[in-house]
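Number of protein chains: 2
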Amino acid sequence: MPRGIKVAAPATISNINCGFDALGLAINYTCDEIVGRLVDKPGIHLNLVGANARSTPSDPTKNTVTVAISNFLDALEESESLGIELKVKKMISPGSGLGSSAAGACAGVMLVNELLGRPMEKRQLLPFAIQGEYVADKSWHADNAAPCLLGGAILIREVKPLDIHRLYTPRGLYVTAVTPQIRILTKEAREVLSERVDFKSAVKQAANLGSFVHAMHTSDFDLLSRSLEDHLVEEQRAHLLPGFYDAKSAAMKTGALGCGISGSGPTIFVLSNNENSARDSAAAITKVYADKGIESTSVVSEVNQAGTVLC
Amino acid sequence: MPRGIKVAAPATISNINCGFDALGLAINYTCDEIVGRLVDKPGIHLNLVGANARSTPSDPTKNTVTVAISNFLDALEESESLGIELKVKKMISPGSGLGSSAAGACAGVMLVNELLGRPMEKRQLLPFAIQGEYVADKSWHADNAAPCLLGGAILIREVKPLDIHRLYTPRGLYVTAVTPQIRILTKEAREVLSERVDFKSAVKQAANLGSFVHAMHTSDFDLLSRSLEDHLVEEQRAHLLPGFYDAKSAAMKTGALGCGISGSGPTIFVLSNNENSARDSAAAITKVYADKGIESTSVVSEVNQAGTVLC
Numbered sequence: 000m001p002r003g004i005k006v007a008a009p010a011t012i013s014n015i016n017c018g019f020d021a022l023g024l025a026i027n028y029t030c031d032e033i034v035g036r037l038v039d040k041p042g043i044h045l046n047l048v049g050a051n052a053r054s055t056p057s058d059p060t061k062n063t064v065t066v067a068i069s070n071f072l073d074a075l076e077e078s079e080s081l082g083i084e085l086k087v088k089k090m091i092s093p094g095s096g097l098g099s100s101a102a103g104a105c106a107g108v109m110l111v112n113e114l115l116g117r118p119m120e121k122r123q124l125l126p127f128a129i130q131g132e133y134v135a136d137k138s139w140h141a142d143n144a145a146p147c148l149l150g151g152a153i154l155i156r157e158v159k160p161l162d163i164h165r166l167y168t169p170r171g172l173y174v175t176a177v178t179p180q181i182r183i184l185t186k187e188a189r190e191v192l193s194e195r196v197d198f199k200s201a202v203k204q205a206a207n208l209g210s211f212v213h214a215m216h217t218s219d220f221d222l223l224s225r226s227l228e229d230h231l232v233e234e235q236r237a238h239l240l241p242g243f244y245d246a247k248s249a250a251m252k253t254g255a256l257g258c259g260i261s262g263s264g265p266t267i268f269v270l271s272n273n274e275n276s277a278r279d280s281a282a283a284i285t286k287v288y289a290d291k292g293i294e295s296t297s298v299v300s301e302v303n304q305a306g307t308v309l310c
Numbered sequence: 000m001p002r003g004i005k006v007a008a009p010a011t012i013s014n015i016n017c018g019f020d021a022l023g024l025a026i027n028y029t030c031d032e033i034v035g036r037l038v039d040k041p042g043i044h045l046n047l048v049g050a051n052a053r054s055t056p057s058d059p060t061k062n063t064v065t066v067a068i069s070n071f072l073d074a075l076e077e078s079e080s081l082g083i084e085l086k087v088k089k090m091i092s093p094g095s096g097l098g099s100s101a102a103g104a105c106a107g108v109m110l111v112n113e114l115l116g117r118p119m120e121k122r123q124l125l126p127f128a129i130q131g132e133y134v135a136d137k138s139w140h141a142d143n144a145a146p147c148l149l150g151g152a153i154l155i156r157e158v159k160p161l162d163i164h165r166l167y168t169p170r171g172l173y174v175t176a177v178t179p180q181i182r183i184l185t186k187e188a189r190e191v192l193s194e195r196v197d198f199k200s201a202v203k204q205a206a207n208l209g210s211f212v213h214a215m216h217t218s219d220f221d222l223l224s225r226s227l228e229d230h231l232v233e234e235q236r237a238h239l240l241p242g243f244y245d246a247k248s249a250a251m252k253t254g255a256l257g258c259g260i261s262g263s264g265p266t267i268f269v270l271s272n273n274e275n276s277a278r279d280s281a282a283a284i285t286k287v288y289a290d291k292g293i294e295s296t297s298v299v300s301e302v303n304q305a306g307t308v309l310c
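In order, the protein sequences belong to chains L and B. Its first residue numbered 0, the first sequence is counted upward by one per residue in numbering that gives the first Met the number 0. Its first residue numbered 0, the second sequence is counted upward by one per residue in numbering that gives the first Met the number 0.
Hints in this document: simulated from the structure, not taken from any laboratory. Do not take every clue at face value.
It does not matter which identical chain is used: a pair holds within one copy or between any two.
What the hints assert, rightly or not - Computed list of lysine to any residue pairs in SDA-like fashion (alpha-carbon distance at most 25 Å, straight line): (1) K291 with I181; (2) K121 with D221; (3) K199 with E233; (4) K286 with P59; (5) K5 with E113; (6) K286 with E120; (7) K199 with L161.
The structure displayed is predicted, hence computed values, not measured ones.
Next comes chain L alone, as it looks inside the complex:
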C-alpha cells in the first residue's frame, strides 16, 4: 500500500451573489494541504500545523477532516484497526469565507481514498466531504465542497440527494478574493437570514441565477455582470462586514463584472473579464480597508479547474 501521500485542496468562493447555496467556484490558491500515511496504531491521528492550527478544532468529533474521513471509512466498512496519521496544514483560517472547512474535508477524504488504493471515484467522495463540513456550520450545503473537490464553477440543484453540475467557464474570467482581518462565523451569518423573503425578490433571484448559467454557457460577460445581483442575502449580511459597500463600490469603479460577499464573509470576491481589472479590484478593495486601518490579504486567479489534487 502507498505511504506518505500529499494532497492539496483549493480555496473556494461560494454564493456568487445570485446563487445562494447554489453556486461555487474554486480558485488557484491552496487552502489545505494534508500529508498522510498508514500507521500501525488504530485510529485517525491528526496533527495540525501552521499559523492557523490554533483556530481549528482538534476534537475529532468537531474537526471537519476527521468527521469526513470517519464517514468515508464507515461507508467502506473499513476495519476499526486501521491507523491513519495526518499532518494538516491550513493556509487559510476557518471563518474566512473561502471554504476552509470544506477544503479540509475534501483533502482528508481524497487522501484516505488514495491511501486505500482508490476504492472510490473522486466524485463519489463528495457526500463525505459535505458531512465533514456539516460539523463546522451545521448546514448541509455543497457550494464549497463541490468546487473544492472537483474544480470549476459548479451549480448545485440539490444537496440531498446530490445533484450538481459543472458549468462551462468562459475564457478570460478572473476571480479576485480579498480577505480583510474581520471575524465572521458561518453559523452566525446564517442566523441573521430571515425565514421569509419578498416574492418579487425570489423571482429576481431565480431569473439572475438562470441568466448567470446562460451567460457562462455563452461567454456573455455583459449578461454575467447584470446577473451578479443578490436579492436574498447581501442586504441581510452586509452589516456583519463593515465597509463592504465601500469596497464593492471601489471594485465596480475598476470595471469589475460584479462583487459580493464570498460565502458568509469576510472575504469579498470580484469577477472580472481580464486579469488587469481583477488586480485593480484587489488593490481598490485593499485600499478601502487600509484606509480604515484594517489589513487584508488578496488573491487574483482564474477559475481553478483541477479541484483537490495529489501533489
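Chain B: place on chain L using the hints.
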C-alpha cells in the same frame, strides 16, 4: 406601400414551473391571426371575428392589439391621420393560459411594422407588445410576448429594461398543452399570490431555474425533468384549477419530464422527450377531465422557433 398583409402569432406556455415570470416558450399552434391594410379613414379600425370575438374587449383602450399598436405608432411619431383596418381572428379565448393577450399584441405590432415598410427590427417591437398585454392583466411581464414574437424558449432576466435570452432547445423536446373548459383570469390568479415566500423555497426556485437553463444547453433531459419543480406559485394557484393534481399525476405516469400550470391556467402543460410520450400525456389529462364531465382541447407540438410570422 404594401396592402392586405396577414400575420400569425403562436400560442405560448409561460412560467414552466421553475420560471415564474422568467420562462416562456412558443408552440406550433396559431393563437391570433390578423389581416390588415392601410385605409384613408384615420385611426385603428378593429374588426374581431371568429368564435372568441365575444370574449375580447372591443374598447380600443382595453384591447391589447390596439394598445400595442398605438404605443408603436407613438414611438414612430406617425401622423394621426394614418388609417389602419384590422381583422383579428382569435383562435384561442383570452384567459386560457396560452398567451392570448400577448399573441394579439405581437401580431398587431408586427403587422403594422410591415404595413409601414418595416421601420423597426422584429426584436425592437417587443416593448410595444408588452405594453399591449399590460392592459389585459395590469402586470409587466414578457414570458408570453417574448416567445410569441421571437419564437423559441426564452429566459427573461428583466422586463424593464428588457433583458431576454433565447435558450438552445434540445432535439426531441415536445410540449403538450391541454385546456380544460374552466375559466381563470390572469388578474385573479395574480391576486392569490402571497407577497412573501419561504427563504428555502426562494433558494430552491433559483437552483431549479439555473438547472433548467443548464439542462437546455446540455440537452440533459433527466436534469430538465428534475428542475421542473415550482416552489413559488403552484401550491398557491392549484385550488383555482380543480383536478390539476390528478391531471399532473396522470401525465407523470406516462413518462412526462414535468407538468404544470401554463401561465395562470387553466391550460396544463407537459414537457416530454419524445412525441409519443407527449401524446400519451395529452390523452391522460384529457381523460382526467372527461371523467369529471369537463371537456378539453389539446395540442402536441415541438417548440415553435419562428414566433410571429407573415403568412
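Please name the hints from earlier in the document that this structure breaks, with their numbers sorted from lowest to highest. Violated: hints 4 and 6.
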